[in-house]
Amino acid sequence: MGLRDVMEAKLAAAFSPEALAVLDESHHHAGHRPNGPGHAPVTGDGETHFRVRIVAPAFSGMSRLERHRAINAALKEELAGGVHALAIEASAPGEAATR
Amino acid sequence: MSEISNWIDSEVKGNDVVLFMKGTPDFPQCGFSGQVVQILDYLGVPYKGINILTSDDLRQGVKEYSQWPTLPQLFVKGEFVGGCDIVKEMFQAGELKSLFADKGVATQTDAPAAE
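These protein sequence lines map, in sequence, to chains A and B.
For what it's worth, the UniProt record's numbering labels the leading residue of the first sequence as 1, then goes sequentially.
For what it's worth, the UniProt record's numbering labels the leading residue of the second sequence as 1, then goes sequentially.
Keep in mind that the hints are not guaranteed to be accurate.
Claimed, not checked - Straight-line C-alpha distance at most 30 Å; calculated DSBU-like pairs for lysine-lysine:
| id | chain 1 | residue 1 | chain 2 | residue 2 |
| --- | --- | --- | --- | --- |
| 1 | A | Lys76 | B | Lys48 |
| 2 | B | Lys13 | B | Lys48 |
| 3 | B | Lys63 | A | Lys76 |
| 4 | B | Lys88 | A | Lys76 |
| 5 | B | Lys103 | A | Lys10 |
| 6 | B | Lys103 | B | Lys48 |
| 7 | A | Lys10 | A | Lys76 |
| 8 | B | Lys63 | B | Lys97 |
| 9 | B | Lys97 | B | Lys48 |
| 10 | B | Lys103 | B | Lys63 |
| 11 | B | Lys48 | B | Lys88 |
| 12 | B | Lys88 | B | Lys63 |
| 13 | B | Lys97 | B | Lys77 |
| 14 | B | Lys88 | B | Lys103 |
| 15 | B | Lys63 | A | Lys10 |
| 16 | A | Lys10 | B | Lys48 |
| 17 | B | Lys97 | B | Lys13 |
| 18 | B | Lys103 | B | Lys13 |
| 19 | B | Lys77 | B | Lys13 |
| 20 | A | Lys76 | B | Lys13 |
| 21 | B | Lys77 | B | Lys103 |
Stated by the list, open to error - Between beta-carbon pairs, the in silico distance windows are:
| id | chain 1 | residue 1 | chain 2 | residue 2 | range |
| --- | --- | --- | --- | --- | --- |
| 22 | A | Ala13 | B | Gln67 | 35 to 45 Å |
| 23 | A | Pro57 | B | Thr24 | 38 to 48 Å |
| 24 | A | Met1 | B | Lys103 | 20 to 30 Å |
| 25 | B | Ala106 | A | His27 | 34 to 44 Å |
Stated by the list, open to error - Here are a few chain A residues that face chain B, going by a calculated C-beta distance under 7 Å:
| id | residue |
| --- | --- |
| 26 | Arg53 |
| 27 | Ser60 |
| 28 | Leu65 |
| 29 | Leu79 |
| 30 | Ile88 |
No lab work stands behind these hints: they were computed from the structure.
Every residue, glycine too, gets a C-beta built ideally from N, C-alpha and C.
Please put together the full structure from these sequences, using the hints given.
This is the structure we're talking about:
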């Protein structure tokens, strides 16, 4: 199971989302400071830059910061490991899409 | 607190607006840091950019200080605001400008027009 699938499974288990997508956007970042300080090796081959789109009732009543913190906590191991960037679009059902 | 977290704490509390970022405001070395720089520049907010690529201790220290795993990180008046996504969403919703106003941080758009 790839990192993307692992992250999707963890988010699904943590938030019972109505909608969930984990996108691997690593190819957009090929050659982005490869192996520089503060970076996992970035080859553009995948598994470094991700975007999470998630709609879950659990987020209603939570601030943006709280939503991101909850998602970061669910993916703690991945963020400590090879995941270099995680863009998050989190909303509760019925909220207007943020973009 | 460790030496580095003391230093981070004094920077965050001693400056109205602090951006921990990869690279410098003039030369961001990460697209996400660059986006936050653009937003702050657009609003005309004076801020202190701190390049975390200069030190591994600093990079880890910032993450521990805010309990937030990614960079960039924006602080206003000592308070953690968020990373790139949150700053962008707040900017698009007009909330970032209100935050600066509420915290008493002048933005250029509030200032009288230049002569």
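Consistency of the hints with the structure:
1. A:Lys76 - B:Lys48: Holds, because 29 Å separates the two Cα atoms, which is no more than 30 Å.
2. B:Lys13 - B:Lys48: holds (12 Å)
3. B:Lys63 - A:Lys76: holds (12 Å)
4. B:Lys88 - A:Lys76: Judged against 30 Å, a Cα distance of about 23 Å means the pair holds.
5. B:Lys103 - A:Lys10: The hint is violated at about 37 Å.
6. B:Lys103 - B:Lys48: holds (16 Å)
7. A:Lys10 - A:Lys76: With a Cα-Cα distance of about 10 Å, the restraint between A:Lys10 and A:Lys76 holds, given a limit of 30 Å.
8. B:Lys63 - B:Lys97: Since the Cα atoms of B:Lys63 and B:Lys97 sit roughly 25 Å apart, the hinted pair holds (cutoff 30 Å).
9. B:Lys97 - B:Lys48: holds (17 Å)
10. B:Lys103 - B:Lys63: Roughly 24 Å between the alpha carbons, so the hint for B:Lys103 and B:Lys63 holds.
11. B:Lys48 - B:Lys88: holds (18 Å)
12. B:Lys88 - B:Lys63: Measuring from Cα to Cα gives roughly 20 Å; hence the hint holds.
13. B:Lys97 - B:Lys77: holds (14 Å)
14. B:Lys88 - B:Lys103: Holds: B:Lys88 and B:Lys103 sit about 18 Å apart, inside 30 Å.
15. B:Lys63 - A:Lys10: Judged against 30 Å, a Cα distance of about 22 Å means the pair holds.
16. A:Lys10 - B:Lys48: violated (37 Å)
17. B:Lys97 - B:Lys13: holds (20 Å)
18. B:Lys103 - B:Lys13: holds (13 Å)
19. B:Lys77 - B:Lys13: This hinted pair holds, its Cα atoms lying about 6 Å apart.
20. A:Lys76 - B:Lys13: holds (28 Å)
21. B:Lys77 - B:Lys103: Roughly 7 Å separates the two Cα atoms, so the pair holds.
22. A:Ala13 - B:Gln67: 35 to 45 Å: For A:Ala13 and B:Gln67 the Cβ distance comes to about 22 Å; the hint is violated.
23. A:Pro57 - B:Thr24: 38 to 48 Å: Once the Cβ atoms are compared, 42 Å apart, the range 38 to 48 Å for B:Thr24 and A:Pro57 holds.
24. A:Met1 - B:Lys103: 20 to 30 Å: violated (45 Å)
25. B:Ala106 - A:His27: 34 to 44 Å: holds (41 Å)
26. Arg53: Violated: closest Cβ of chain B sits about 11 Å from A:Arg53, beyond 7 Å.
27. Ser60: With Cβ-Cβ at 16 Å, over 7 Å, it is violated.
28. Leu65: holds (6 Å)
29. Leu79: holds (4 Å)
30. Ile88: holds (5 Å)
Against the hints set out earlier in the document, violations occur for numbers 5, 16, 22, 24, 26, 27.
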